[in-house]
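J.: Position 694, counted from 1, in the sequence shown is what the UniProt record's numbering calls 694; the numbers after and before it change by one each time, with no gaps.
Derived from the structure by calculation, the hints contain no laboratory data. You may find that some hints are simply not true.
What the hints assert, rightly or not - In silico DSS-like links for lysine-lysine, alpha-carbon gap of 30 Å or less:
#, residue 1, residue 2
1, LYS319, LYS188
2, LYS493, LYS453
3, LYS333, LYS453
4, LYS639, LYS403
5, LYS15, LYS244
6, LYS93, LYS12
7, LYS318, LYS402
8, LYS15, LYS219
9, LYS93, LYS221
10, LYS212, LYS333
11, LYS219, LYS639
12, LYS221, LYS493
13, LYS15, LYS135
14, LYS518, LYS414
15, LYS15, LYS46
16, LYS453, LYS535
17, LYS570, LYS493
18, LYS221, LYS477
19, LYS508, LYS453
20, LYS244, LYS188
21, LYS543, LYS639
22, LYS219, LYS142
23, LYS12, LYS188
To be verified - Simulated restraints on C-beta separations:
#, residue 1, residue 2, range
24, PRO489, THR584, 24 to 32 Å
25, VAL400, ASP634, 49 to 57 Å
26, GLU89, SER473, 52 to 60 Å
27, SER112, SER484, 28 to 36 Å
28, SER571, PRO489, 50 to 58 Å
29, LEU90, GLU340, 35 to 43 Å
30, PHE659, GLN282, 29 to 37 Å
31, LYS639, LYS319, 45 to 53 Å
32, SER203, ASP709, 38 to 46 Å
33, ASP130, GLU89, 13 to 21 Å
Predicted, not measured: the structure shown is a model, and the values here were computed from it. Ideal placement from N, C-alpha and C gives every residue a C-beta, glycine not left out.
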Amino acid sequence: MEEVDSSRGFLKDVKRLVLKVGTAVVTRNDGRIALGRLGALCEQLKELNSQGYEIILVSSGAVGLGRQRLRYRKLVNSSFADLQKPQVELDGKACAAVGQNCLMALYDTLFSQLDVSSAQLLVTDSDFRDRDFRKQLGETMKSLLSLRVIPIFNENDAVSTRKAPYEDSSGIFWDNDSLAALLALELKADLLILLSDVDGLYSGPPSDPRSKLIHTYVKEKHQTEITFGDKSRVGRGGMTAKVKAAVNAAYAGIPVVITSGFAAGNISKVLQGQRIGTLFHQDAHLWTPVKEIDARGMAVAARESSRRLQAMTSEDRKKILLDVADALEANVKLINIENEADVSAAQRAGYEKSLISRLALKPGKAREPSSFAILDKCLITSLAKSIRVLANMEDPIGRVLKKTELADGLVLEKTSSPLGVLLIVFESRPEALVQIASLAIRSGNGLLLKGGKEAKRSNAILHKIITEAIPESVGGKLIGLVTSREEIPDLLKHDDVIDLVIPRGSNKLVSQVKNSTKIPVLGHADGICHVYIDKSANMDMAKRIVLDAKIDYPAACNAMETLLVHNDLKSTAAFNDLVVELRTAGVTLYGGPRASVLLRIPEAHSFHHEYSSMACTVDAHTDCVIAEDQEAVDAFLGKVDSAAVFHNASPRFCDGARFGLGAEVGISTSRIHARGPVGVEGLLTTRWILRGHGQIVDGDKGVTYTHKDLPIEP
């Protein structure tokens with residue numbers, strides 16, 4: 001027998017109950033009615049009805065039953081020639097109309113055998129917009145329930161105004177899970193039970209042996225930890241839809257339990273307060289301590305884990321990265337599901353196209369190699385490949401950089417060492433999480449990550465996969481995921497446990513961080529890339545470089561934002577051709593005071609603007625000169641103070657992977673402690689190791705200093 005959960009004692013006082021039965025419970029795998037399961041359900045409801053419970057049933061299954069019935073009739077009435085023709089999918093609304101009749105006839109037959117009366121109520125989304133309808137609904141329910149009648153609700157898909165009821169999630173409700181939650185609120189139910197084909201909500205797909213059943217859902221803890229599997233085999237949304245409906249109802253004051261409709265007697269067990277399924281309640285956080293550590297504790301845990309990581313052998317650290325790569329490839333489907341949800345949400349929210357472009361982990365998309373993909377079949381596969389490249393690079397930890405004999409028998413070594421704990425704030429790109437995490441593991445650093453809210457689900461699943469691949473001897477807390485913006489100010493106070501902050505974003509973000517902390521900040525601000533065409537330039541070369549710099553990947557931080565042209569070129573045919581080609585490629589041009597008049601284009605409001613789109617200014621982090629005059633080249637390379645300065649090459653080369661760094665956490669526009677693309681070496685500091693034989697200083701009386709450089713052994 002299941003144990004009684006003390007936190008569920010209130011369930012024994014439930015009187016009015018809304019019960020939702022999913023299609024997967026009503027039907028078998030072949031689409032036919034699960035008669036035995038449905039009969040057992042009706043027997044449970046009859047028993048509860050006789051005990052005085054007021055039961056409101058929301059039942060799915062009509063469309064599936066109708067489709068099965070119509071397919072059978074179509075097959076019976078088809079000739080052999082008809083069967084050779086391509087089969088057209090049946091209209092969903094017709095299936096709903098036929099299936100609803102079948103479903104209600106079945107419920108009526110089963111309940112009649114048990115001496116219970118039932119009633120059918122078909123509703124649409126638009127009904128609930130009518131105040132008079134809602135009032136009448138309440139009165140009708142009061143009358144039916146007083147007569148011990150069991151009302152059976154279903155969405156009237158046959159006349160629904162939604163064009164694609166299995167895809168359109170707009171409106172007051174959008175499936176029977178959300179309808180059940182709406183009815184529970186509208187009819188002031190004491191409890192909502194959602195019956196599923198699994199035992200409740202799991203931390204991951206129920207088929208994954210590592211997934212655990214969550215008995216009490218705590219929003220603050222579980223909303224970023226859960227990995228959903230595929231949608232229902234027959235219904236509209238599967239567990240994702242149930243959780244959404246449950247959270248909405250619970251936080252509006254209606255307790256919810258998700259449990260299996262396959263096990264006998266589960267409804268009665270829930271009402272007895274037994275620990276069945278997953279409970280959602282607005283006060284759940286008070287009953288179940290959220291084992292989340294505070295900001296400081298998160299940083300301390302990352303530091304402790306990093307020290308265990310540093311103590312491992314080089315081969316063991318390498319294996320962690322290889323395991324992470326394997327885990328990512330094994331979970332491609334889950335990653336794409338979560339990322340697609342983020343992209344859809346961003347599109348609905350009206351985010352700019354450049355942000356959505358950076359957000360998407362879309363197969364076949366041209367991305368930065370440092371973001372691990374160049375037109376590859378699958379971005380996740382490219383991520384995994386690049387992690388393996390990183391794993392096979394020379395171990396950066398403990399390398400002897402310089403070896404000096406200070407005196408006879410006294411040898412000093414300068415060695416590479418991890419910085420400690422890194423806090424990295426980044427926006428949009430979820431693959432940046434994988435890139436940064438793999439660099440932290442390779443460099444032996446602890447890591448705290450705060451991604452943008454627009455990539456919340458993508459970041460959560462990637463973080464979960466990576467940390468689960470880290471062995472317990474190190475601990476998954478090596479990499480912490482900060483889920484709330486409110487935690488950042490608290491983290492910035494802890495300069496004793498966080499060693500470096502890297503904000504990747506706008507100048508405003510970098511400035512805010514710098515002004516809020518004593519922790520060293522490695523600034524990754526606006527990527528303002530200039531390309532200057534000198535009068536001595538080869539214009540064919542200039543045209544190729546400029547088009548590549550702007551068009552290859554406009555959302556990248558190393559794309560050209562400002563094109564500077566020598567005054568002598570302004571009226572040349574070659575310059576006019578370049579302007580035409582930029583416009584033909586879809587680039588919107590803005591000009592400085594002179595260029596805007598010359599080219600008849602809008603004047604730029606600033607020369608210091610990162611467009612991240614198909615736009616640029618005509619009149620930092622990477623600057624490029626296109627010239628053949630060596631004196632002009634030398635002047636540009638020597639005097640332009642940018643993190644990277646190029647001659648006759650596209651600024652798009654300014655990238656950690658293209659520089660051979662394996663990966664990057666960003667392109668630093670700071671001067672201390674790293675500048676330009678920051679790879680593994682940028683996440684290291686140095687330590688001095690002195691080896692002696694009992695020497696003492698004693699005023700340097702007995703020491704003869706040699707300060708001789710010694711060869712470094714490979």
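J.: Please flag the earlier hints that this structure goes against, numbers listed from lowest up.
T.: Result: hints 1, 4, 6, 9, 11, 16, 17, 22, 24, 25, 27, 29, 30, 32, 33 break, sorted rising.
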